[in-house]
Amino acid sequence: MSDDDKKPPIPARGPDRRRGPDRRQNPVDPADLPFPDRRKGDRRQMDRRVTSPEETEELLKIIKPDTDEGAGG
Amino acid sequence: MIIDPYHHPADTMTAEAEVTMRRSTFAVASGKGGTGKSTFAINLSMALAALGHEVILVDADLGGADLSTLLGIHAPRYTLKDFIQGDVSYLPEILEPTPSPHLRLICGGTDIISVSNPYYQQKVKLIRALAQLQADYIVVDLGPDITFNNLDFFNAAPVGFLVTQNMDAMILGFYRFLKAAFVRRLKQEFRNESYILSIISDFQNRGWSHARRDLIGSIRAASREAQKHLDAVLETFQPKLVFNMVESPAARKTADQMFSFILENFGFRLQTVGFIPRDRDVEKAYARNEPYLLRFPRSAASKALYEVLAACGLNYTRDGVRVSGFSDFLAYVKVEVPGWNLLKI
Ligand SMILES: Nc1ncnc2c1ncn2[C@@H]1O[C@H](COP(=O)(O)OP(=O)(O)OP(=O)(O)O)[C@@H](O)[C@H]1O
Ligand SMILES: [Mg+2]
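Protein sequence lines correspond, in order, to chains X and C.
Quick note on numbering: the first sequence equals residues 1 to 73 in my numbering.
Quick note on numbering: the second sequence equals residues 1001 to 1345 in my numbering.
There's no promise every hint is true.
Unchecked claim - The calculated lysine-lysine pairs, modelled on DSSO-like cross-linking and capped at a C-alpha distance of 30 Å, are: (1) C:K1284 / C:K1334; (2) C:K1125 / C:K1240; (3) C:K1303 / X:K64; (4) C:K1303 / C:K1334; (5) C:K1253 / X:K64; (6) C:K1253 / X:K61; (7) C:K1303 / C:K1253; (8) C:K1228 / C:K1240; (9) C:K1303 / C:K1284; (10) C:K1253 / C:K1240; (11) C:K1240 / X:K64; (12) C:K1334 / C:K1240; (13) X:K61 / C:K1240; (14) C:K1187 / C:K1228; (15) C:K1187 / C:K1125.
Unchecked claim - Over 12 Å on every C-beta distance to chain X, these chain C residues come out as not near it, computed from the model: (16) S1024; (17) Y1090; (18) A1287.
Said to hold, decoys possible - Interface residues of chain C toward chain X, partial, derived using beta-carbon atoms under 10 Å: (19) N1166; (20) D1168; (21) L1172; (22) Y1175; (23) Q1257.
Hints are computed from structural coordinates only; laboratory data are not their basis.
Positions of the beta carbon are idealized from the N, C-alpha and C atoms, including for glycine.
Please take these sequences and the hints and turn them into a complete structure.
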């Protein structure tokens, strides 16, 4: 294959002129929390909740017993 | 370089970083904004400096850095931005002096948005460089959000402080942060054991409420090695909880409840190391950009801070002399900063 047959590179972006390592590699997207496991492609794994509603409720009950002595809110 | 598109680079973060972090590095987190992390980080650093230790305070709240302002340094020469972007290659170059001869500051960079979300390599570079700093203690002030950044810095530091208030939203905030950090640590620790990883993923996917108590049990039951490994993790994962702006003794009860809840569900011990009262002196000092420990050394907050030091076994001078009580401690604080406005007290 000669050089002429080579497809031109995708022209949309020029070289990355910013300093440091090439930032287009390994982007870290905090919106992916928590712990996405993309290997399984499971949508639920993109769920951003760290706690379930039940768990939150359970925790609130513990720190705020029936009286108003517990944590205020 | 081939990049596996399915492997999230951030997942390997602590794997590389943990090797190099030093035992005397403290991270200060909260999972919720405005609980008093920065105030705590500054005054803890000042207290250690007063005892003669060489301390470096790092403003790693990359989105909302304010430690330089709070220490009265208005125009830092360099900030973390310069290091992260590569304009300064040697981290010690950006150390700023503070009013205390034993405390130096690494300022955060807030003037460009991209710094608040550094890329993986930049984070590794930063954590490595932090580990090489020459100091007795390094205190890292983190941002409030549950982001990879904050979780990774928290996990990379051998000692993690969580600053909370006895209010529902703050308790839930620190709990979420802590849980996210713990599970992230587990995933990192068991990164080469696909069976354990699947247990953890399953646990996450089924919803925490049903599977939560099974997580630790399932990992333990997987194999003897897994059990040993888990026990080692549980022994080293020892976050320290600080209740701040405390207004009633109910905080003690919350501390006990949280200890039991965490131990029962996750198997690690969440030690509460102190209760710092809501104190007007803290606000006044904050408004003047001065550490309350120096401005109002006899304040209730200063006393509570000393008790935190003692609870953490940090009440020793650099020469190894044990500080025997609050008044003994104050004697060190007074000689610490001759240039500070102590005379006005
Ligand atoms: N013990 C205390 N008593 C009274 N006020 C306090 C106390 N601790 C902190 N504050 C006040 O709370 C406010 C927030 O403190 P600080 O900036 O340390 O919080 P933070 O957790 O670092 O916030 P952020 O999440 O924005 O970084 C300040 O006005 C400070 O004066
Ligand atoms: Mg802060």
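We went through each hint and held it up to the structure:
A C-alpha spacing of about 19 Å is found between C:K1284 and C:K1334, which places the hinted pair at or below 30 Å, so the restraint holds. Note on C:K1125 and C:K1240: the hinted pairing holds, with a Cα-Cα distance of about 26 Å set against a maximum of 30 Å. Our distance criterion of 30 Å between C-alpha atoms is met by C:K1303 and X:K64, whose separation comes to about 28 Å. Only pairs whose Cα atoms come within 30 Å are accepted, and C:K1303 paired with C:K1334 is accepted, the gap being roughly 14 Å.
Restraint check for C:K1253 and X:K64: satisfied, since their Cα atoms lie roughly 10 Å apart, inside the 30 Å limit. At roughly 13 Å between alpha-carbon atoms, C:K1253 and X:K61 fall within 30 Å of each other, so this suggested pair holds. Annotation: proposed proximity of C:K1303 to C:K1253 holds, straight-line Cα distance about 21 Å (limit 30 Å). Between C:K1228 and C:K1240 the CA atoms are separated by roughly 23 Å; this keeps the pair inside 30 Å, and the hint holds.
Note on C:K1303 and C:K1284: the hinted pairing holds, with a Cα-Cα distance of about 17 Å set against a maximum of 30 Å. Restraint check: the Cα-Cα separation between C:K1253 and C:K1240 comes to about 16 Å, which is no more than 30 Å; the hinted pair holds. Restraint check for C:K1240 and X:K64: satisfied, since their Cα atoms lie roughly 22 Å apart, inside the 30 Å limit. Proposed proximity of C:K1334 and C:K1240 is supported: the alpha carbons are some 28 Å apart, at most 30 Å.
Taken as a hint, the X:K61 and C:K1240 pair is honoured in the structure, with Cα atoms around 23 Å apart against an allowance of 30 Å. A distance of roughly 16 Å separates the Cα atoms of C:K1187 and C:K1228; the hinted pair therefore holds under the 30 Å criterion. Distance hint between C:K1187 and C:K1125 is fulfilled; the C-alpha atoms sit about 22 Å from each other, no more than 30 Å. For C:S1024, the non-interface assignment is confirmed: its Cβ lies about 27 Å from the closest Cβ of chain X, beyond the 12 Å cut-off.
For C:Y1090, the requirement that its beta carbon stay farther than 12 Å from each beta carbon of chain X is met, with the minimum near 15 Å. Residue placement check: C:A1287 keeps its beta carbon more than 12 Å from all beta carbons of chain X (closest about 25 Å). With 10 Å as the threshold, the beta carbon of C:N1166 comes within range of chain X, its nearest partner Cβ sitting at about 5 Å, so the hint holds. For the restraint placing C:D1168 at the interface with chain X, the shortest Cβ-Cβ distance is roughly 3 Å, inside the 10 Å limit, so the hint holds.
With its C-beta approaching chain X no nearer than about 6 Å, C:L1172 sits inside the 10 Å limit, and its interface hint holds. At its closest, the beta carbon of C:Y1175 sits 6 Å from a beta carbon of chain X; the interface hint therefore holds under the 10 Å criterion. Taking 10 Å as the C-beta cut-off, the interface hint given for C:Q1257 holds, the closest approach to chain X being about 5 Å.
Of the numbered hints stated above, none is contradicted by the structure.
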